[in-house]
Every structure is written in structure tokens, then in C-alpha cells.
Amino acid sequence: GIQVEQSPPDLILQEGANSTLRCNFSDSVNNLQWFHQNPWGQLINLFYIPSGTKQNGRLSATTVATERYSLLYISSSQTTDSGVYFCAVNSNSGYALNFGKGTSLLVTP
Amino acid sequence: EAGVAQSPRYKIIEKRQSVAFWCNPISGHATLYWYQQILGQGPKLLIQFQNNGVVDDSQLPKDRFSAERLKGVDSTLKIQPAKLEDSAVYLCASSLVGGPTDTQYFGPGTRLTVL
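Residue numbers (our numbering), protein chains in the order written: chain A, 1 to 109; chain B, 110 to 224.
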């Protein structure tokens with residue numbers, strides 16, 4: 001099946017700093033979503049972005065489908081940004097979302 | 110708009126016991142998914158329903174896990190008998206039509222501990 005690799009696995013930032021999270025995938029995709037899992041376990045949709053660039057407030061994402069990667073940018077980080085960020089994709093042959101192992105982010109005051 | 114509802118939020122059982130989880134998807138969503146998330150990993154799909162029919166259950170351990178979605182709305186996931194390795198968070202998600210480009214919305218999950 002399709003492989004999803006996320007980096008870095010862990011990240012510690014001071015409040016106000018910027019960061020970039022990366023997701024590499026091994027095959028063509030027709031669905032790519034970024035999620036934030038908060039400390040209570042709730043998975044929250046951030047972006048549906050199989051290609052192109054989107055922005056929502058302090059967050060933005062870019063997917064370069066031809067090169068099989070996606071980037072999630074967090075600017076001016078806040079403590080509430082802490083949690084695990086997951087990238088999930090499905091291949092052109094399936095419907096199931098395949099998740100990476102996530103990037104665990106801790107933003108300190 | 111109400112989100113995906115799940116209950117219970119937490120469950121502790123002993124191995125070899127049975128347990129059931131309930132999910133109510135977003136109103137109007139035809140597709141419902143059950144995922145298993147083991148600590149430190151991303152969610153893994155167990156089963157996908159389109160209305161009340163099964164689309165994909167290839168990763169469901171059918172010797173102990175079962176799921177149903179009667180009337181194409183609510184769904185229950187059952188484990189019988191539970192094993193220690195079933196300790197995980199069970200997440201329910203729904204999407205509007207279930208196509209490969211659909212956005213999936215997740216519920217809060219049920220955290221299962223098997224002792």
C-alpha cells in the first residue's frame with residue numbers, strides 16, 4: 001500500500017516561532033488531508049489539499065503532487081497549537097485514508 | 110452543525126470480555142468509517158460503510174471484530190473476545206458521499222483499555 005512519512009517526528013518550539021512540517025508519500029494521491037490531534041485526542045481537519053496551496057489564518061499548506069510531498073506551515077505558534085499533526089492520503093486505487101505516524105509538536109510559553 | 114458523536118468515551122475491560130462502541134455520523138453523511146489508533150501511531154482503517162453496505166473491511170480482524178450500520182445511519186463496532194493488543198482509541202469518521210476525494214470528519218473517539 002501507499003507509504004506516508006512525516007518529519008520531524010517531534011518538535012519543540014517557543015511561542016511565536018514558525019515551523020514547517022513535511023509529509024512524503026510513495027504514490028499518486030487524489031486525497032490528502034492534514035489533521036491536528038489535540039491533547040484530548042480529537043482529530044480536527046486542517047486542510048483538504050491534494051494539490052496546490054491553501055491558507056487558513058496562521059496555518060498554510062502546500063502540496064506538490066508531482067514530487068509527492070506536502071508541507072504544513074505554522075506561523076507565530078501558540079501553546080494551543082500543541083498536539084500531533086497527521087498527514088493522511090489515499091491512493092488513486094483506494095478510498096481508505098492512510099495516515100503517517102505524525103509530528104508531535106509542543107509549543108512552550 | 111453537530112459533529113460525529115461517539116460513546117462511550119472511555120472503557121476498561123478485562124481480556125476475553127466483550128465490548129461495543131456506538132457512533133452517530135454527521136447528518137446526511139452516507140459514508141461511515143471506523144479506525145483504530147494505537148498509542149504513538151496514526152489511525153488505521155478497520156471498516157468503511159456506504160449507507161448500510163460494507164465497502165472495505167480488509168483490515169478488520171473478523172474472528173473477533175464485527176460492525177454493523179443498520180438503516181444507514183448509526184453504527185456499532187463490537188469486539189468479542191477482547192485481547193490485550195486491542196487497547197487503543199477507536200475513532201469513527203463520516204464523509205458526505207464516500208468518494209476518494211471526500212473530506213472525512215472524525216468523532217472524539219473511544220479509549221479502550223484491556224487489562
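For the record, the hints were derived by calculation from the structure and aren't laboratory data.
The reader is advised that the hints may include incorrect statements.
Said to hold, decoys possible - Sample of chain A residues facing chain B (criterion: CB under 10 Å; computed from the structure):
| no. | residue |
| --- | --- |
| 1 | P39 |
| 2 | T53 |
| 3 | N56 |
| 4 | K101 |
| 5 | G102 |
To be verified - Pairs of lysine-lysine residues, derived as DSSO-like cross-links and limited to a Cα-Cα distance of at most 30 Å, are as follows:
| no. | chain 1 | residue 1 | chain 2 | residue 2 |
| --- | --- | --- | --- | --- |
| 6 | B | K153 | B | K192 |
| 7 | B | K171 | B | K192 |
| 8 | B | K120 | B | K171 |
| 9 | B | K153 | B | K180 |
| 10 | B | K124 | B | K171 |
| 11 | B | K180 | A | K101 |
| 12 | A | K101 | B | K153 |
| 13 | B | K120 | A | K54 |
| 14 | B | K120 | B | K192 |
| 15 | B | K180 | B | K120 |
| 16 | B | K153 | B | K124 |
| 17 | B | K171 | A | K101 |
| 18 | B | K124 | A | K101 |
| 19 | A | K54 | B | K124 |
| 20 | A | K54 | B | K192 |
Keep in mind it's a predicted model, so treat the numbers as computed, not measured.
Heads up, the beta-carbon is just placed ideally off N, CA and C, and yes, glycines get one too.
Broken hints, by number: The structure conflicts with hints 1, 2, 3, 11, 13, 19, 20, although it agrees with all the remaining ones.
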